[in-house]
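Order-wise, the sequence lines are chains A and B. So the number in our numbering is just where the residue sits in the first sequence, counting from 1, plus 170. So the number in our numbering is just where the residue sits in the second sequence, counting from 1, plus 170.
These are computed hints drawn from the structure, not numbers from a lab. Take these hints with a grain of salt, some might be off.
Heads up, the list lumps identical chains together, so a pair's fine if it works in one copy or across two of them.
Derived SDA-like pairs (lysine to any residue); straight-line CA-CA distance at most 20 Å [said to hold, decoys possible]:
hint : residue 1 : residue 2
1    : 523       : 675
2    : 523       : 582
3    : 514       : 321
4    : 523       : 420
5    : 514       : 429
6    : 523       : 593
7    : 523       : 735
8    : 523       : 578
9    : 514       : 362
10   : 361       : 175
11   : 514       : 323
Computed from a predicted model, the values in this text were never measured in an experiment.
There are 2 protein chains.
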Amino acid sequence: MHPLSPLLATARGDTPATLVLRNARLVNVFTGQVQPPADLALHQDRVAGLGSNYQSDQVIDLAGAYLCPGYIDAHVHIESSLCTPAQFAAAVLPRGVTTVIADPHELANVVGLDAVTWMANASRDLPLNVVLMGPSCVPATPMATAGATLDANHLQALYANNTIHGLAEVMNYPGVINGEADVLAKLDALKGQPIDGHSPGANGKDLDAYAAAGVGSDHECVTPEEARDRLERGLYLLIREATNARNLDALLPVVTPQNARRVCFCTDDRTPGDLLNIGSIDHMVRRAITHHNIDPLDALRMATLNPAEWFGLRQVGAIAPGRTADLLVFDDLQNPTPKMVFAKGQLVAEDGKLLDHAIPDPDATLGIPHGQCTVDTANPNLTIPATGESIRVIGHLPDQLLTEPLTLPATVHDGQAVADPARDLLKMAVFERHHNTGNVGLGFIQGIGLKHGAIAGTVAHDHHNLVAIGADDTSIRTAAAAIAEDGGGLAVADGETILARLPLPIGGLMSDQPVQAVADAYAQAVTQARALGSPLADPFMAMSFMALEVIPSLKLTDLGLVDVERFELVDLFV
Amino acid sequence: MHPLSPLLATARGDTPATLVLRNARLVNVFTGQVQPPADLALHQDRVAGLGSNYQSDQVIDLAGAYLCPGYIDAHVHIESSLCTPAQFAAAVLPRGVTTVIADPHELANVVGLDAVTWMANASRDLPLNVVLMGPSCVPATPMATAGATLDANHLQALYANNTIHGLAEVMNYPGVINGEADVLAKLDALKGQPIDGHSPGANGKDLDAYAAAGVGSDHECVTPEEARDRLERGLYLLIREATNARNLDALLPVVTPQNARRVCFCTDDRTPGDLLNIGSIDHMVRRAITHHNIDPLDALRMATLNPAEWFGLRQVGAIAPGRTADLLVFDDLQNPTPKMVFAKGQLVAEDGKLLDHAIPDPDATLGIPHGQCTVDTANPNLTIPATGESIRVIGHLPDQLLTEPLTLPATVHDGQAVADPARDLLKMAVFERHHNTGNVGLGFIQGIGLKHGAIAGTVAHDHHNLVAIGADDTSIRTAAAAIAEDGGGLAVADGETILARLPLPIGGLMSDQPVQAVADAYAQAVTQARALGSPLADPFMAMSFMALEVIPSLKLTDLGLVDVERFELVDLFV
Numbered sequence: 171m172h173p174l175s176p177l178l179a180t181a182r183g184d185t186p187a188t189l190v191l192r193n194a195r196l197v198n199v200f201t202g203q204v205q206p207p208a209d210l211a212l213h214q215d216r217v218a219g220l221g222s223n224y225q226s227d228q229v230i231d232l233a234g235a236y237l238c239p240g241y242i243d244a245h246v247h248i249e250s251s252l253c254t255p256a257q258f259a260a261a262v263l264p265r266g267v268t269t270v271i272a273d274p275h276e277l278a279n280v281v282g283l284d285a286v287t288w289m290a291n292a293s294r295d296l297p298l299n300v301v302l303m304g305p306s307c308v309p310a311t312p313m314a315t316a317g318a319t320l321d322a323n324h325l326q327a328l329y330a331n332n333t334i335h336g337l338a339e340v341m342n343y344p345g346v347i348n349g350e351a352d353v354l355a356k357l358d359a360l361k362g363q364p365i366d367g368h369s370p371g372a373n374g375k376d377l378d379a380y381a382a383a384g385v386g387s388d389h390e391c392v393t394p395e396e397a398r399d400r401l402e403r404g405l406y407l408l409i410r411e412a413t414n415a416r417n418l419d420a421l422l423p424v425v426t427p428q429n430a431r432r433v434c435f436c437t438d439d440r441t442p443g444d445l446l447n448i449g450s451i452d453h454m455v456r457r458a459i460t461h462h463n464i465d466p467l468d469a470l471r472m473a474t475l476n477p478a479e480w481f482g483l484r485q486v487g488a489i490a491p492g493r494t495a496d497l498l499v500f501d502d503l504q505n506p507t508p509k510m511v512f513a514k515g516q517l518v519a520e521d522g523k524l525l526d527h528a529i530p531d532p533d534a535t536l537g538i539p540h541g542q543c544t545v546d547t548a549n550p551n552l553t554i555p556a557t558g559e560s561i562r563v564i565g566h567l568p569d570q571l572l573t574e575p576l577t578l579p580a581t582v583h584d585g586q587a588v589a590d591p592a593r594d595l596l597k598m599a600v601f602e603r604h605h606n607t608g609n610v611g612l613g614f615i616q617g618i619g620l621k622h623g624a625i626a627g628t629v630a631h632d633h634h635n636l637v638a639i640g641a642d643d644t645s646i647r648t649a650a651a652a653i654a655e656d657g658g659g660l661a662v663a664d665g666e667t668i669l670a671r672l673p674l675p676i677g678g679l680m681s682d683q684p685v686q687a688v689a690d691a692y693a694q695a696v697t698q699a700r701a702l703g704s705p706l707a708d709p710f711m712a713m714s715f716m717a718l719e720v721i722p723s724l725k726l727t728d729l730g731l732v733d734v735e736r737f738e739l740v741d742l743f744v
Numbered sequence: 171m172h173p174l175s176p177l178l179a180t181a182r183g184d185t186p187a188t189l190v191l192r193n194a195r196l197v198n199v200f201t202g203q204v205q206p207p208a209d210l211a212l213h214q215d216r217v218a219g220l221g222s223n224y225q226s227d228q229v230i231d232l233a234g235a236y237l238c239p240g241y242i243d244a245h246v247h248i249e250s251s252l253c254t255p256a257q258f259a260a261a262v263l264p265r266g267v268t269t270v271i272a273d274p275h276e277l278a279n280v281v282g283l284d285a286v287t288w289m290a291n292a293s294r295d296l297p298l299n300v301v302l303m304g305p306s307c308v309p310a311t312p313m314a315t316a317g318a319t320l321d322a323n324h325l326q327a328l329y330a331n332n333t334i335h336g337l338a339e340v341m342n343y344p345g346v347i348n349g350e351a352d353v354l355a356k357l358d359a360l361k362g363q364p365i366d367g368h369s370p371g372a373n374g375k376d377l378d379a380y381a382a383a384g385v386g387s388d389h390e391c392v393t394p395e396e397a398r399d400r401l402e403r404g405l406y407l408l409i410r411e412a413t414n415a416r417n418l419d420a421l422l423p424v425v426t427p428q429n430a431r432r433v434c435f436c437t438d439d440r441t442p443g444d445l446l447n448i449g450s451i452d453h454m455v456r457r458a459i460t461h462h463n464i465d466p467l468d469a470l471r472m473a474t475l476n477p478a479e480w481f482g483l484r485q486v487g488a489i490a491p492g493r494t495a496d497l498l499v500f501d502d503l504q505n506p507t508p509k510m511v512f513a514k515g516q517l518v519a520e521d522g523k524l525l526d527h528a529i530p531d532p533d534a535t536l537g538i539p540h541g542q543c544t545v546d547t548a549n550p551n552l553t554i555p556a557t558g559e560s561i562r563v564i565g566h567l568p569d570q571l572l573t574e575p576l577t578l579p580a581t582v583h584d585g586q587a588v589a590d591p592a593r594d595l596l597k598m599a600v601f602e603r604h605h606n607t608g609n610v611g612l613g614f615i616q617g618i619g620l621k622h623g624a625i626a627g628t629v630a631h632d633h634h635n636l637v638a639i640g641a642d643d644t645s646i647r648t649a650a651a652a653i654a655e656d657g658g659g660l661a662v663a664d665g666e667t668i669l670a671r672l673p674l675p676i677g678g679l680m681s682d683q684p685v686q687a688v689a690d691a692y693a694q695a696v697t698q699a700r701a702l703g704s705p706l707a708d709p710f711m712a713m714s715f716m717a718l719e720v721i722p723s724l725k726l727t728d729l730g731l732v733d734v735e736r737f738e739l740v741d742l743f744v
C-alpha cells in the first residue's frame with residue numbers, strides 16, 4: 171500500500187479520521203478569511219480535510235473557536251535558549267510555535283559538522299518541526315580561535331544528506347558584495363535553496379550586489395528605511411524581536427496590506443527566561459495586532475504562510491489537506507493566545523502549559539557534542555606589564571552590540587596595568603578553550619559596572635571561548651575555574667567564592683536540564699552579577715558580545731584587541 | 171573569476187552596465203507599488219540594480235514609462251500554437267510573455283521521451299524562458315492507441331537530468347483520489363517540486379483527497395464555486411483563457427486583494443491566430459483591469475510574481491538585483507500594452523512587433539521528432555455493415571468539449587450505415603497512425619454540420635491519431651491521404667479535391683513554418699471547412715476533442731466508441 175493511501179481514504183471519508191476537531195472557525199491563510207464553523211479531520215500527523223460527516227473515535231469540540239496554522243519562527247538560534255532542542259521545544263510549543271528555521275551557528279563554531287548533525291538528531295523525533303540551515307560563517311574571522319571550520323564542501327555534504335535546507339544568515343556581507351570566492355562558494359553550495367541574509371546597515375548599490383548574489387532575506391533591519399530598501403529589492407523582511415535586539419515596534423509601521431506577504435517574524439536569540447515569560451512568535455503576532463493595528467489575518471500570515479513560502483516549505487504554514495497538522499486554537503482573533511496547540515497531529519499544550527509526555531525523553535544514545543573546555547585556570551598569567559601610560563578600552567554601550575573605542579590612562583600598580591573598579595575599569599580576559607593553545611587575550615572594559623568580583627562564561631559569540639570580566643584577577647580565576655570544571659557554562663565569583671554557576675556541558679553553550687531550571691539558574695546568575703554592582707539588566711548577555719570581532723568598534727578575542735573597522739589586531743597600549 | 175563577479179561589479183557601480191534604462195517607473199511586485207523614476211542597470215541577461223549614476227555605452231531613456239516584469243504563462247501547451255517553440259516565442263514575446271510553464275503533453279503522446287527532450291533542446295537558446303513540466307498522462311487511457319508511454323521512471327529520469335521542473339496537470343484525478351499506485355508513483359517522482367492539477371468538477375471530499383496527495387494548483391475551474399473550493403484548499407488558481415475554454419470573465423469575480431496572491435493566469439491552448447490577433451497573458455491582464463476592476467498591481471502580480479512563487483522560480487517574476495532581465499515597458503498602468511519587451515536583457519519587440527534577429531535561427535542539427543503518420547489511406551475499409559437499426563451518435567455541443575450521447579436511427583444504403591448530411595449525421599473515422607496497427611475506429615457524429623466533403627487532422631487529443639469527419643467516404647479518404655503524405659497535418663477535401671492543407675510534420679502536431687504563415691494556413695483551412703457547410707467557428711478545434719476519451723460522454727478512438735462515464739468501449743449499434 172502506498173504511504174499516502176490511508177490519508178486519502180480519510181480525506182475521501184472512506185475510513186475514520188484519527189482525530190476530528192468539531193466546530194472550528196478556520197483561519198484560512200490562503201484566502202485571508204475566517205471560514206464558517208466546520209470540522210477538521212486528521213489522519214495521524216496530517217490534515218485530511220475540512221467539512222462535515224467525518225467518523226472518528228477521537229473528537230474534540232472546539233465550540234466555534236478559531237483554528238490557525240502553527241507559527242513559524244523564521245530565524246532562531248536554539249543555542250540562545252541555553253537548552254537542548256527538546257527543552258527549547260518545551261518552551262515554544264505552548265506558545266504555538268510548531269516550526270523553527272534554526273541556524274546552529276553557535277554550536278557549529280564549537281564542534282563544527284558534529285554540531286549540525288547532533289542538532290538534526292536531537293530534533294528529529296520532536297513534535298517541533300526543526301528546519302536546519304547551514305551555518306555560513308564558521309569561523310567568523312581569522313582574528314579569533316574558533317572551535318571548528320565549515321567550508322563550502324561541508325555545507326554541500328550537509329545538504330546532500332538532507333541535514334540542512336538552505337544557507338543561514340550570510341553575515342560576511344562585505345565578502346558577498348565584493349565577490350570573495352570562498353563566500354560565493356558557500357552560496358553556490360546551496361544554490362536554488364533559500365539563502366538567508368544578514369546585512370546590517372548595507373544600502374544602495376552595496377545592497378544591490380548583496381541581493382544580486384542570491385541572498386533572499388534579511389533579519390538585521392533596525393530602521394524603516396532599511397526594511398523598505400530590502401523589500402523593494404525582493405528580500406523577505408524577517409522582523410526580529412530578540413532578547414538583545416528588539417526591532418518589532420520600529421519595523422511594523424513599514425508593513426502594508428500590499429507588502430505584508432513578504433514579511434515574516436523571527437526571534438533570533440531569546441534567553442530561556444524571555445521564552446518562558448514573554449513568549450516567542452505568539453508575542454509578536456499579538457503586539458502587531460494590538461499595538462500596530464495590523465489586520466489579524468495579515469499578522470497571522472506573517473507568522474505562517476509567508477515564512478512557509480520563503481523557505482519553500484509546502485507542508486507547513488497553512489491548514490489544508492495533506493499539510494502537517496500543526497494547529498493552534500484561540501478564542502480572540504484580536505488578541506490570539508493559544509489555548510490548545512497541536513503539533514504533528516498531537517495535542518501538546520493547553521492554556522500555555524506543555525502536556526506531560528508531549529516531548530519524548532531524550533535518546534540517551536545520542537552522542538552529545540561536548541566540545542572542549544580546557545583552560546588552564548589554575549595558573550593563567552593574567553598580569554599586564556605596563557608598557558605605556560594610555561590604554562585602549564572597550565566602551566560598552568547600554569543595549570548595544572556596538573562598542574565605543576576609548577583611550578584612557580591606565581591604572582598602574584607595581585608596574586602592572588590593573589582593574590580599577592572605582593573608574594569602572596574592569597579587566598577582561600578571553601581564554602582559548604577549544605584547542606589547548608593556552609591563548610589568553612587581555613584587555614579592559616568600561617560600562618559593565620562590577621564593583622568587585624567577576625563574571626565569566628563560555629557563551630561568547632561567535633568563537634565561544636571562555637570570556638571573563640572582573641574587578642580582580644582572583645575573582646576572574648575563580649569564575650573561570652568553576653566553568654572549566656563544569657565543562658562550560660556561566661559563573662559569578664567574588665574572590666575565591668563562587669556565587670552562582672550554570673553548567674552548560676553541551677558545547678559550553680547548552681544545558682542538559684529542563685528549560686525552567688535553566689531559566690531559574692540564569693536569573694540567579696544575573697541577580698548575583700547585579701549584586702556585585704553591575705547596573706545592566708543582563709551582564710552575561712552584554713559580555714557575550716564583547717568578544718565578537720565582527721561588530722564594531724573595539725573587541726577582545728583570545729588573540730588580543732581587535733579594531734573591527736580596520737579589521738586588524740591592535741595593541742592594548744596606545 | 172566567479173561567474174557572478176561581473177554582475178556584482180556592475181551592481182556595486184564599479185564597472186559599466188551593459189545596458190541602462192533611464193527614467194523607469196518600476197512596477198515593484200514585491201511592495202505592490204510603483205516607484206518614482208529611476209535608472210535600471212543590467213549586466214547582460216541580469217538585473218544589477220535600480221538607482222542612479224550608472225555608466226554604460228548603451229542607454230535607453232524610458233521617459234517615465236512603466237517598467238514591469240515580463241509575464242509568465244502559468245500553463246500552456248506550445249503544441250496548440252501548431253508551431254515550434256521558436257515560432258511560439260515569436261508570437262508571445264511581443265505580447266510581453268517572457269516565461270512559459272509548458273507541458274509537452276501533446277508531442278509526448280506521439281513520441282514520448284524524445285518529445286520532452288526535443289522541446290527542451292528547441293527552447294534552450296530562445297529569449298523566451300521555457301520551463302518544462304513532465305507530462306503526467308501519456309497515454310491518457312488504455313482505450314486508445316497513443317504513440318508512446320511515459321511512466322514514473324521516465325519522469326524521474328527527466329527530472330534528474332534537469333529537463334523538467336515539476337509534474338504537469340495530473341488529469342487522472344480519479345486515479346489520484348483513489349490512490350492508484352501508478353499515478354501516485356508519478357507524483358512521488360516529482361515530490362517536493364510543483365505538481366499541477368486538473369480536476370474539472372471535483373469538489374468536497376474528493377477535492378480534499380486530490381489536494382492531500384500533493385497537487386498544488388488547478389486550471390480547470392469554470393465556476394466561481396470551483397475556484398473558491400480550490401483556493402480554500404491551498405491550490406493555486408490558474409485562471410485559464412484558452413481558445414476553446416474561456417474562464418476569465420467567470421472567475422475574476424472570485425479574486426480579492428486578500429486572495430490575489432494565490433491566483434495566476436494561463437492560456438493552456440491557443441491557436442496561432444488567437445496568439446497573433448488577441449494575444450496571450452497581456453490580454454488577460456488588460457481585461458482584468460479594464461473589465462473587472464482588478465487593481466493593476468494585483469493583476470500584474472497575477473501575471474508575474476504569483477506564478478514565479480508557485481513554481482519556485484526565483485529568477486523571474488520580478489525586477490530585482492540578480493533576477494533575469496525580462497522586462498516590459500508600457501505607458502498606461504490602467505491598460506498595459508507593452509511597447510518594448512526585453513527578454514534575458516535583450517530588446518526583442520517594440521510596439522507589438524518582434525525585432526529582426528530577436529529569435530535565433532533554429533539549429534538545423536536538432537533532431538526533429540517526426541513521429542509516425544503511417545496510415546493506409548489508399549484503401550482503408552471505411553464501410554460499416556448495418557448490423558442494427560439504431561446507432562450511438564456523438565452529439566457535438568457548441569463551444570464544449572463534453573458531448574451528448576445520442577441514439578438515432580441509422581441511415582442505411584446497400585446494407586451499410588452511411589453518413590447522411592441532410593440529417594447532419596457525418597461519418598467519423600480515427601486512423602491509428604503511430605504503430606502500423608491498421609486500426610480504424612468508425613462512428614457517427616452530429617453537430618459539425620458539413621454538407622459535403624470532409625475535414626481531417628492529426629491533432630486529436632490526446633493520442634493524436636488521424637481523425638476525419640466527412641459527408642462521404644471519398645472525401646474522408648482524400649483528406650486523410652493528403653495528411654499522410656504531409657507526415658501529419660490538417661486537410662479539407664471535397665470528393666477527390668483537396669481544398670486546403672496545413673502540413674504539421676513535427677509529430678503531426680507542429681509546423682516548421684513561421685507562425686504568421688501557420689495562422690494564415692489554419693485560417694484558410696477553417697474557411698474551407700465552413701464553406702463546406704459547418705456553422706462552427708473552428709471545426710478543426712471541435713474535431714480535435716471528439717476523439718478524447720477522458721471527457722464525457724461519448725467519444726471515438728481508433729479502438730472504437732468510448733462511453734467515458736462507464737470508462738469502456740461500446741458498440742456502435744444499440
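If you check each hint against the structure, which ones fail? Failing hints, ascending: 1, 2, 3, 4, 5, 6, 7, 8, 11.
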